[in-house]
Amino acid sequence: MAKDTSGRRFRQVALVQKESAWRRLRALGICRMVFVGFFVLFYGLFLGFFVFGNADPHQRHRFEQQESEEAALSLMMGPPDPVRSEMMKYQPVSAEHWLGTDQRGRDLFTRLSYGAWTSLVTGCIGLVTFLLAGISFGVASGYFKGRWRSVIIYLFNLVNTFPILLLLFLAVIVIDRLFEDELSMRIYMLMAVFGFFSSPKLAELIRGKIASLKETAFINAAVSLGLSPVQIIFKHILWYECRPIILVQSAYMMGQAILVETTLTYLNFGLEDPLISWGLMLRTMAGGISTGKFQVLVVMAVIAFSVFFFHNLAALLNDLLASRQRDVD
Amino acid sequence: MGGVRIFINLLLKMLGITFFVYVILYFTPGSLKMRVVQVEGQVQVVGGDGTPEAAKTERELFVGDEVRVIQGKAALVYQTSGCGDTVKVVSGGKFSVGNIGQLFDTYSSWLVGAIKGDMGYHISEPVIERLSGSIPRTLRLVGGSLAISLILALAMALYSLKRGRSPLAQGVISFANLISGVPLIVLSLAMQEVWPIANKDFSICLPLVLAVGNGTLMDYFAVLREQINRAIHQDYVGAALGRGANAFHHATIYEISLGIVEATSSRIPTLVGGTIIVEVMFAYNGLGNDIVEAIAKRSFELIMGVTTAVAVLLILVTEVTDFLRHKLDPRLMH
Numbered sequence: 001m002a003k004d005t006s007g008r009r010f011r012q013v014a015l016v017q018k019e020s021a022w023r024r025l026r027a028l029g030i031c032r033m034v035f036v037g038f039f040v041l042f043y044g045l046f047l048g049f050f051v052f053g054n055a056d057p058h059q060r061h062r063f064e065q066q067e068s069e070e071a072a073l074s075l076m077m078g079p080p081d082p083v084r085s086e087m088m089k090y091q092p093v094s095a096e097h098w099l100g101t102d103q104r105g106r107d108l109f110t111r112l113s114y115g116a117w118t119s120l121v122t123g124c125i126g127l128v129t130f131l132l133a134g135i136s137f138g139v140a141s142g143y144f145k146g147r148w149r150s151v152i153i154y155l156f157n158l159v160n161t162f163p164i165l166l167l168l169f170l171a172v173i174v175i176d177r178l179f180e181d182e183l184s185m186r187i188y189m190l191m192a193v194f195g196f197f198s199s200p201k202l203a204e205l206i207r208g209k210i211a212s213l214k215e216t217a218f219i220n221a222a223v224s225l226g227l228s229p230v231q232i233i234f235k236h237i238l239w240y241e242c243r244p245i246i247l248v249q250s251a252y253m254m255g256q257a258i259l260v261e262t263t264l265t266y267l268n269f270g271l272e273d274p275l276i277s278w279g280l281m282l283r284t285m286a287g288g289i290s291t292g293k294f295q296v297l298v299v300m301a302v303i304a305f306s307v308f309f310f311h312n313l314a315a316l317l318n319d320l321l322a323s324r325q326r327d328v329d
Numbered sequence: 330m331g332g333v334r335i336f337i338n339l340l341l342k343m344l345g346i347t348f349f350v351y352v353i354l355y356f357t358p359g360s361l362k363m364r365v366v367q368v369e370g371q372v373q374v375v376g377g378d379g380t381p382e383a384a385k386t387e388r389e390l391f392v393g394d395e396v397r398v399i400q401g402k403a404a405l406v407y408q409t410s411g412c413g414d415t416v417k418v419v420s421g422g423k424f425s426v427g428n429i430g431q432l433f434d435t436y437s438s439w440l441v442g443a444i445k446g447d448m449g450y451h452i453s454e455p456v457i458e459r460l461s462g463s464i465p466r467t468l469r470l471v472g473g474s475l476a477i478s479l480i481l482a483l484a485m486a487l488y489s490l491k492r493g494r495s496p497l498a499q500g501v502i503s504f505a506n507l508i509s510g511v512p513l514i515v516l517s518l519a520m521q522e523v524w525p526i527a528n529k530d531f532s533i534c535l536p537l538v539l540a541v542g543n544g545t546l547m548d549y550f551a552v553l554r555e556q557i558n559r560a561i562h563q564d565y566v567g568a569a570l571g572r573g574a575n576a577f578h579h580a581t582i583y584e585i586s587l588g589i590v591e592a593t594s595s596r597i598p599t600l601v602g603g604t605i606i607v608e609v610m611f612a613y614n615g616l617g618n619d620i621v622e623a624i625a626k627r628s629f630e631l632i633m634g635v636t637t638a639v640a641v642l643l644i645l646v647t648e649v650t651d652f653l654r655h656k657l658d659p660r661l662m663h
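If you read the sequences in order, they're chains U and P.
The first sequence: position 78 = 78 (our numbering), numbered continuously.
With positions in the second sequence counted from 1, the corresponding number in our numbering is that position plus 329.
Please note: incorrect hints may appear among the correct ones.
[What the hints assert, rightly or not] Stretch-level coverage of chain U by chain P, calculated; a stretch enters the list once three of its residues show a Cβ under 8 Å from a Cβ in chain P:
#1 156-169
#2 251-264
#3 307-317
[Said to hold, decoys possible] Some chain P residues flagged as far from chain U (calculated, every beta-carbon gap over 10 Å):
#4 Q367
#5 F433
#6 P455
#7 L487
#8 L537
#9 Y583
#10 A640
#11 D658
The set of hints was computed from the structure by calculation and includes no laboratory data.
In this text, a Cβ means the ideal position worked out from N, Cα and C, and glycines have one as well.
Hey, can you work out the whole structure from these sequences and the hints?
Laid out in structure tokens, this is it:
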């Protein structure tokens, strides 16, 4: 009997939690959620075409040479080759070219899908560096005492007073010299540098959180129980308490990384022509705006949409996690 | 005392930043001038100062010549004695280069030169002359952007507080939010085409693009709305209003000023970063355009000049805003 009552109670609690979760989601705005969902589909479509449709362009070239089987293989070949150009530039939308072609007659949709992959990879490199450096510096300056703490805080202030773009320009000189023969590595290294120089923001948030938690009862209890500092830092502070901060900052950082990659490539400090990125597409197609080519607007919209999505996702996560925290409190 | 403290802080931070940049350039071969330390066989060079007559001049490279190696070990050599003569290796031999001097010696000689107003040459133009033209233009752009952000944000904040639920207020704020979400690079490209329809003059367009695309406008708006809202809901302000005082009582002005100073202090590095993009996109000759050109041409003198100018500007703004914040709210001192 007691078991039944407890089961019912659990069901009731689960129901209430479900209702409050739905209420929370509804309070965050249906439009925002629809936008986020739409973007996931849109980005997934690009990446899906990149992964499944364009796995091996060289292989496809070989298929194309077998003219008799061309029609049969057209479905297997997926979207057109991103580097194969046709005579007619800026072709309109058609069944063959879903978003038309660019100024050299190359398929725009395929190039955008390659660009999505580039932005994802470069964004992830920036994000990983950002998280590694931000968490390490935040924990080092928040949990441990000593002279290093003041040195780290001074360096945070110094980096925060200087524009990151200028620091990245200085990094270009060093990276170009180090990777003289492999300029394609430049953007990856630059994104790592960007992640590193952006990390003080995350580090300061984590430092503040640790400072507020350090004297709380549960941390004192964990220390008294003999838990190691690693266990306290990673499990009790970072995982339980700093997770919302890290999630929100990661989403924001991803948007910033895409933006920085696009900007650097546009300014000629990023990827070069055989490679494909949204910034490079914007740079090469920028002349088409004055002639009213909608393809340029598509590229601009994709970049704006992606950055807007990640910033919106950060805001959504922030609101969601804040409302959850209020419920817990 | 405040002035002395600002000056000392400015000096120390400026020395720190310029030294940091100098160290990067010093340890990156090819950035600084180097000295030829060994020549094997005969190395013929041809070059000059860019004039057709000088381009035909041929001479031999000697140990002790000051050169800058770019694009590989010996593909192109820039000799920077005088007004930036360029020297190109045309035939034979091998040569090796080493640093002109120790790090601190070369840095101190650069610093002394900079204090005296000699920052070297960029191609054949003195860097100091170039900066004296660029700095006012960039300051005008940054100042204009801040002024536009402030005026628009104040108007929006006051209107949204007075008629927050009206469709017009909601629409204006949503539109401003949407436009602010557009990346600066995309907004600049779009404005280049849209703006000339109404007006060929870019003097208002550039600060406006910077204010909106860089997020300064919405930052100011958020800060001002919060500060004004907080100020007018204070008990003593309510009492003063009840007695018929003006809504812009000095307490409200004080709260707004504090908000503006804090927002400016936190936004200025991002604003300067945005200036680089806007200047390059619109081909506006300011510090941003200069730094991009300096990096592309690996012009050490111009890189040092621009970073020094930006560092001074940023540190000065940070120190002055810090000083004003302490003056406006003495509680921050403790």
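Hints and how they fare:
no.: 1; hint: 156-169; result: holds (count 9)
no.: 2; hint: 251-264; result: holds (count 3)
no.: 3; hint: 307-317; result: holds (count 4)
no.: 4; hint: Q367; result: holds, 21 Å
no.: 5; hint: F433; result: holds, 20 Å
no.: 6; hint: P455; result: holds, 22 Å
no.: 7; hint: L487; result: holds, 25 Å
no.: 8; hint: L537; result: holds, 18 Å
no.: 9; hint: Y583; result: holds, 26 Å
no.: 10; hint: A640; result: violated, 7 Å
no.: 11; hint: D658; result: holds, 20 Å
Hint 10 from the earlier list is the only one contradicted by this structure; the remaining hints agree with it.
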